[in-house]
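Asker: Whole structure, please, built from the sequences with the hints as guidance.
Protein chains in written order, with the numbering used here: chain P, 1 to 326; chain C, 327 to 710; chain Z, 711 to 971.
Mixed in with the good hints, there may be bad ones.
Once the Cα atoms are required to be at most 25 Å apart in a straight line, the calculated SDA-like pairs of lysine to any residue come out as [said to hold, decoys possible]:
| hint | chain 1 | residue 1 | chain 2 | residue 2 |
| --- | --- | --- | --- | --- |
| 1 | Z | K765 | C | A445 |
| 2 | Z | K819 | C | T564 |
| 3 | Z | K861 | C | W628 |
| 4 | Z | K819 | C | A445 |
| 5 | Z | K819 | C | E563 |
| 6 | Z | K861 | C | T639 |
| 7 | C | K690 | Z | E836 |
| 8 | Z | K838 | C | F542 |
| 9 | Z | K765 | P | E254 |
| 10 | P | K100 | C | G674 |
| 11 | P | K129 | C | P650 |
| 12 | C | K608 | P | G303 |
| 13 | C | K608 | P | E254 |
These are calculated hints, taken from the structure and not from any lab test. These figures come from a predicted structure and were not determined experimentally.
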Amino acid sequence: MSIDNQVFIQNVIIGLTVGGYLALIALGYTMVYGIIELINFAHGDLFAFGFFISLTIFAEINPEIPLHGSDLYFTLPAVALLTMLLTGSLNLAIDQIAYKPLRKAPRLAPLLTAVGISFMLEAIYAIWKGPIQIPYPRYFPKEDYMENEHVISFFSKLGMDITEWRIVSFTTKDLFLFGVTIPLVALLTLFIDRTRIGKAMRASAQDREAAMMMGINVNRIIASTFFVGGALAGVAGMVWGLYINSGRFTMGFEAGLMAFTSAVLGGIGNIRGAVLGAFIIGMIKAMSDSYIGSEWTRVVIFGILILMLVFRPSGILGSTQSIEKL
Amino acid sequence: MRDILAQPRSILSGRLRWVLIAIFVVIAPFAMKELELLTNFGLITQVNRALIFVALAQGLNIVVGLAGLLDLGYAAFFAIGAYTFGLLTWPSHDIEMSFFLAIWICALVAAVFGIIIGAPTLRLRGDYLAIVTLAFGEIIPALVRNLGDFTLTFRGRVLIEDYNLTNGSQGLTPLGRPNFTFLENLFGLDKGALNVGVNPTFWYFAIVITSMIVLFSAIRLNNSRLGRAWKAIREDETAADFMGVDPIRTKLAAFAIGASFSGLAGAVYASMLGAIFPELFKFQVSIFLLIIVVLSGRGSIWGVLIGGIIIATFDGVFLAQVLPDIFNGEVLPEYDVQSLRWVFFGIGLIVIMIFRPQGLFPPKSIETKIVPPVAESLEGVQNS
Amino acid sequence: MSVILEAKGVSKAFGRLVAVDTLDYTIEDNSINSIIGPNGAGKTTFFNVVTGYYKPTTGKVVFNQRNISGSRPNQLTRIGIARTFQTIRLFNNLTARENVLIGMHHRLKSGVFGDIFRPPAVRREEAKAHEEAGQLLDYVGLKGYEEHAAKSLPYGHQRRLEIARALATQPQLLLLDEPTAGMNPNETQDMILFIRKLRDERNLSILLIEHDMKVVMTISDKVTVLDYGKKISEGQPAEVQKDERVIEAYLGRRALEMLKK
Numbered sequence: 001m002s003i004d005n006q007v008f009i010q011n012v013i014i015g016l017t018v019g020g021y022l023a024l025i026a027l028g029y030t031m032v033y034g035i036i037e038l039i040n041f042a043h044g045d046l047f048a049f050g051f052f053i054s055l056t057i058f059a060e061i062n063p064e065i066p067l068h069g070s071d072l073y074f075t076l077p078a079v080a081l082l083t084m085l086l087t088g089s090l091n092l093a094i095d096q097i098a099y100k101p102l103r104k105a106p107r108l109a110p111l112l113t114a115v116g117i118s119f120m121l122e123a124i125y126a127i128w129k130g131p132i133q134i135p136y137p138r139y140f141p142k143e144d145y146m147e148n149e150h151v152i153s154f155f156s157k158l159g160m161d162i163t164e165w166r167i168v169s170f171t172t173k174d175l176f177l178f179g180v181t182i183p184l185v186a187l188l189t190l191f192i193d194r195t196r197i198g199k200a201m202r203a204s205a206q207d208r209e210a211a212m213m214m215g216i217n218v219n220r221i222i223a224s225t226f227f228v229g230g231a232l233a234g235v236a237g238m239v240w241g242l243y244i245n246s247g248r249f250t251m252g253f254e255a256g257l258m259a260f261t262s263a264v265l266g267g268i269g270n271i272r273g274a275v276l277g278a279f280i281i282g283m284i285k286a287m288s289d290s291y292i293g294s295e296w297t298r299v300v301i302f303g304i305l306i307l308m309l310v311f312r313p314s315g316i317l318g319s320t321q322s323i324e325k326l
Numbered sequence: 327m328r329d330i331l332a333q334p335r336s337i338l339s340g341r342l343r344w345v346l347i348a349i350f351v352v353i354a355p356f357a358m359k360e361l362e363l364l365t366n367f368g369l370i371t372q373v374n375r376a377l378i379f380v381a382l383a384q385g386l387n388i389v390v391g392l393a394g395l396l397d398l399g400y401a402a403f404f405a406i407g408a409y410t411f412g413l414l415t416w417p418s419h420d421i422e423m424s425f426f427l428a429i430w431i432c433a434l435v436a437a438v439f440g441i442i443i444g445a446p447t448l449r450l451r452g453d454y455l456a457i458v459t460l461a462f463g464e465i466i467p468a469l470v471r472n473l474g475d476f477t478l479t480f481r482g483r484v485l486i487e488d489y490n491l492t493n494g495s496q497g498l499t500p501l502g503r504p505n506f507t508f509l510e511n512l513f514g515l516d517k518g519a520l521n522v523g524v525n526p527t528f529w530y531f532a533i534v535i536t537s538m539i540v541l542f543s544a545i546r547l548n549n550s551r552l553g554r555a556w557k558a559i560r561e562d563e564t565a566a567d568f569m570g571v572d573p574i575r576t577k578l579a580a581f582a583i584g585a586s587f588s589g590l591a592g593a594v595y596a597s598m599l600g601a602i603f604p605e606l607f608k609f610q611v612s613i614f615l616l617i618i619v620v621l622s623g624r625g626s627i628w629g630v631l632i633g634g635i636i637i638a639t640f641d642g643v644f645l646a647q648v649l650p651d652i653f654n655g656e657v658l659p660e661y662d663v664q665s666l667r668w669v670f671f672g673i674g675l676i677v678i679m680i681f682r683p684q685g686l687f688p689p690k691s692i693e694t695k696i697v698p699p700v701a702e703s704l705e706g707v708q709n710s
Numbered sequence: 711m712s713v714i715l716e717a718k719g720v721s722k723a724f725g726r727l728v729a730v731d732t733l734d735y736t737i738e739d740n741s742i743n744s745i746i747g748p749n750g751a752g753k754t755t756f757f758n759v760v761t762g763y764y765k766p767t768t769g770k771v772v773f774n775q776r777n778i779s780g781s782r783p784n785q786l787t788r789i790g791i792a793r794t795f796q797t798i799r800l801f802n803n804l805t806a807r808e809n810v811l812i813g814m815h816h817r818l819k820s821g822v823f824g825d826i827f828r829p830p831a832v833r834r835e836e837a838k839a840h841e842e843a844g845q846l847l848d849y850v851g852l853k854g855y856e857e858h859a860a861k862s863l864p865y866g867h868q869r870r871l872e873i874a875r876a877l878a879t880q881p882q883l884l885l886l887d888e889p890t891a892g893m894n895p896n897e898t899q900d901m902i903l904f905i906r907k908l909r910d911e912r913n914l915s916i917l918l919i920e921h922d923m924k925v926v927m928t929i930s931d932k933v934t935v936l937d938y939g940k941k942i943s944e945g946q947p948a949e950v951q952k953d954e955r956v957i958e959a960y961l962g963r964r965a966l967e968m969l970k971k
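Answerer: Written out as structure tokens, the structure is:
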């Protein structure tokens, strides 16, 4: 296979991994927007919280690096669960303290409050961990499957010699990332579609007042939305740490912007749209980084966002029909 | 009880108030100069910077406060103003236009950009507009950073090669400063005798004049045909449309005028600093300006003026200089105090939003109590 | 009398729901016309088509020999169509006078630089507009309320302010969406007289949606009944009142049969 094609395949893999963690963050954005129409600017910073808190938990446990045996199969999921619990709770607390009193205020009020929370969180991270690039130990074992003899022999039976694919790598970390993100996204979708709370969430998103009249405790639904959204962002932050092995206090802003763009691209308020949008943005980022230059990626992504909003403001999966009542 | 905060103008009345304000404005830089002996930072320079932000906030107030549009990328127009000034006066570009001409061109260019970005997007409502403006605010600094070494190829042909428009992240420096050759000739002074350089007192007055131009325009517009149309759009866009107000045109005017204020202030700022970098115009600047407008009182021109002076000075002088000065890197390392800045604003925002969502100095409240009606029924109907 | 507005085969569909179905409708100069019908009959949708909020799915609307289908509301306001709303939509934080001044917006000429520098022509224009706004407020019975915030006015006054604002656009055709909704009998009586006065003194054509049959039958020159977006009856009040289809639409077939017995 030619070098160009190998580069392309590698870019697809990168795009999918980026899309994976963006999807987890984008889901929180889109769920919160769906229910209370708030662009939750602080959401990206919960992703950063997941990164920092999981780092702290790992440091407390101090497992052998890289993780193996029971640490890999027991400690790692336990840390992930704890991270989700803590990040979810933080998001819940933020909602109760800062956004809840503003439910009936003009739109600008909660939006700016969210921005205020975001800046506060970042300032707190900077004080807590220092305003520098923080290394995240390489807890997760890294092995390139492309060099694994079983994989090589499997592909050679198909008539492909993957030892020549020098550029392409697919590691245990990639597998881990997909292994966490894809099931979580699927679970959440099922949760929203099938469970009672999920149905109540959809009902509240459609029409909050009507849902309230039907006996749905909307406040509880909003609270659970914040919790679930926060938990997903938290685990995304931990996955990022294990995958990229470094981060800093502003990482949430950057990731948040991209995830938010994904949510808008897919049709904000739409769960499947957020996932689709995340993978599209992931791909665009990977391709733009590689073929145009990473310094242009921001321009490309935001340019696409603007064009999308101008020509199809409802997003890819959002409905185009909206009847405005007079 | 009368709400003193809501009516900052009622504290003093009449001509005396204006005379006192004028005296204060004129004396202030000299008083600050004395104060500078006690501090080890350039107080006037910090105040100048704060005042630039007040002028910018006036422009944003037109967009957000009067027309009710959510703009999260207003710093983009600030950047456009500053960089237009940079392109027109940076020696390497061989234009070196006069300050007094360039600043108006900067205001115009920013207004044109306001129309370019506004025309396709202003039919979007609320949050969508906020997102577009946010994206625009992110794109402009990124473009500025990337256009320092720019190569454009089209189908294998190189159209532009290694062109340096903005000097990338190194920024543009030096930039043009006002010169008074005309006055020097008039009074037979040496060439360069009236060069202002970085003289903070000169810049103080330059910025006060700029702010006054902006303030005057804002006040006049507020009580005019266009200002009424902005407020109508803010209150109910659909109803305004039915009453003959073209929403797109009206919003475009708000965007363009808000941008032109920003462009003018950006140009003056660039000239004062003598050097500009893409970092000066990031998202935080847009948010800081929004904080000024919202905390002061959306739609209130005097409120934004007073609130802006308080907040921007608090930020630029107290948080950025006095506090680190006091701690002097001992109690807390310096970066902690710097990053505490956003903790302050975060808490401030939340508290104000919860307890006084209309801001500290909201627009002068109009008479809300019901006077005994003069005509109880539809007058004249009964008689006819 | 000449026709000032003519709707030819106008339909408006939302997806598969046809709110207005191939409706032909004319309004004559200087007349009061009512549209009645059960809830969801398409009355307000038709209003929104006539005032430019919706573009008709099929058919066209002609106003003073001009095809106006697809024009924006503000363009139609400029050529003489004004309206009020079913639920009051004033500019709440503006004063009564400012609300009326917005109605004059399209007639004032001042531009950005005129607004900033205020040359004598602009000053004169503004002074005249303020005075005219005061006269209009007086005309609808809101003298003394000029500087009150719209939101602080009592309900009935808000309805009058909405009319004053609409009159400020100098319309030829005024559409009133349930002008007497929420009013007591005395206020309703005032409104009936006032609507007549508008037609006679201001030479207006009026199209109104109204649920109060007493109002409709008292003031209308022509009554049109819609049901499921279709016109089922039209004529002078007395004629329409007797129309079996109307009774059926309102009360159902069984009621009609009972009445016949």
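Asker: Look at each hint and say if it fits the structure.
Answerer: Results for each hint:
1. For the given pair, Z/K765 sits about 22 Å from C/A445 by alpha-carbon distance, which is consistent with the 25 Å threshold.
2. Annotation: proposed proximity of Z/K819 to C/T564 holds, straight-line Cα distance about 22 Å (limit 25 Å).
3. Taken as a hint, the Z/K861 and C/W628 pair is honoured in the structure, with Cα atoms around 24 Å apart against an allowance of 25 Å.
4. The suggested pairing of Z/K819 with C/A445 holds, with an alpha-carbon distance near 22 Å, which does not exceed 25 Å.
5. A hinted pair counts as satisfied when its Cα atoms are at most 25 Å apart, and Z/K819 with C/E563 qualifies at roughly 21 Å.
6. Annotation: proposed proximity of Z/K861 to C/T639 is violated, straight-line Cα distance about 37 Å (limit 25 Å).
7. For the hint linking C/K690 to Z/E836, the alpha-carbon distance of about 21 Å falls within 25 Å, and the restraint holds.
8. Only pairs whose Cα atoms come within 25 Å are accepted, and Z/K838 paired with C/F542 is accepted, the gap being roughly 24 Å.
9. Of the supplied pair hints, the one linking Z/K765 and P/E254 is violated, its CA atoms being roughly 42 Å apart against a limit of 25 Å.
10. A hinted pair counts as satisfied when its Cα atoms are at most 25 Å apart, and P/K100 with C/G674 qualifies at roughly 17 Å.
11. For a cut-off of 25 Å, the pair hint linking P/K129 to C/P650 stands: about 20 Å separates their Cα positions.
12. Of the pairs offered as hints, the one joining C/K608 and P/G303 holds, with about 17 Å between alpha carbons and a cut-off of 25 Å not exceeded.
13. Distance hint between C/K608 and P/E254 is fulfilled; the C-alpha atoms sit about 13 Å from each other, no more than 25 Å.
When the structure is compared with the earlier hints, violations turn up for hints 6 and 9 and for no others.
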